[in-house]
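A.B. asks: Using this note's numbering, you'd call the opening residue of the sequence shown number 5 and step up by one each time.
Derived by calculation from the structure, the hints in this document are not laboratory data.
Hints may be right or wrong, so weigh each one.
Said to hold, decoys possible - Here are the computed lysine to aspartate or glutamate pairs in the EDC-like style, where the Cα-Cα straight-line distance is at most 20 Å:
#1 66 with 127
#2 66 with 7
#3 75 with 127
#4 66 with 6
#5 160 with 36
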Amino acid sequence: MDEVITLLFYPIFLVMTYFLTLIFIPKNKYKEYFIYGILIGGLGDIIAVGLLQNILGIMWFKNLSIFYVLKMMALSPLCWTVTVMIFLYFLPAKKSFRYPYILTWASISLGFGYIVHNVGLFDFVNWFYPLPGYFLFLCWWGFASWLFRNTSPLAKEE
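Given the sequences, and given the hints that come with them, work out the whole structure.
C.D. replies: Right, here's the structure in full:
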């Protein structure tokens with residue numbers, strides 16, 4: 005049973021979050037959120053994993069089976085793409101709400117990292133989680149918010 009959970013965890017997460025994007029994000033705005041999801045989420049994940057796993061050796065994926073591509077979890081950038089789409093769609097317009105929103109998403113990301121670790125797909129050096137990992141997620145979500153608010157016409161509609 006553990007092997008099934010390990011094998012299906014990322015595909016199930018990807019399908020669930022993808023359906024959430026289809027449910028919540030309007031069709032006429034989907035393309036722009038998708039572009040930001042790819043740039044901040046997918047590309048961001050590839051850069052972060054390349055740096056933290058392949059160069060620094062701080063974290064690494066394991067038990068990847070058929071999803072092992074170029075020393076990475078092939079579904080991870082896709083999962084980050086749809087997750088960033090959801091984050092940006094619900095990003096509050098008011099700055100006073102945005103700060104707790106970003107802090108909360110950094111906490112959720114850290115918790116997800118622990119879940120993926122407990123499922124057996126991800127590991128890290130002991131000192132990296134929780135504080136440096138939380139700070140990394142805080143910077144990531146803060147950057148996503150800043151980039152979206154300053155470059156997207158969707159952010160200016162609100």
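A.B. asks: Confirm or reject each hint.
C.D. replies: Status of each hint after checking the structure:
Taking the CA atoms of residue 66 and residue 127, the gap is near 7 Å; set against the 20 Å cutoff, the hint holds. The suggested pairing of residue 66 with residue 7 holds, with an alpha-carbon distance near 12 Å, which does not exceed 20 Å. Straight-line distance between C-alpha atoms of residue 75 and residue 127 comes to about 14 Å, which keeps the hinted pair within the 20 Å bound. For the hint linking residue 66 to residue 6, the alpha-carbon distance of about 14 Å falls within 20 Å, and the restraint holds.
At roughly 13 Å between alpha-carbon atoms, residue 160 and residue 36 fall within 20 Å of each other, so this suggested pair holds.
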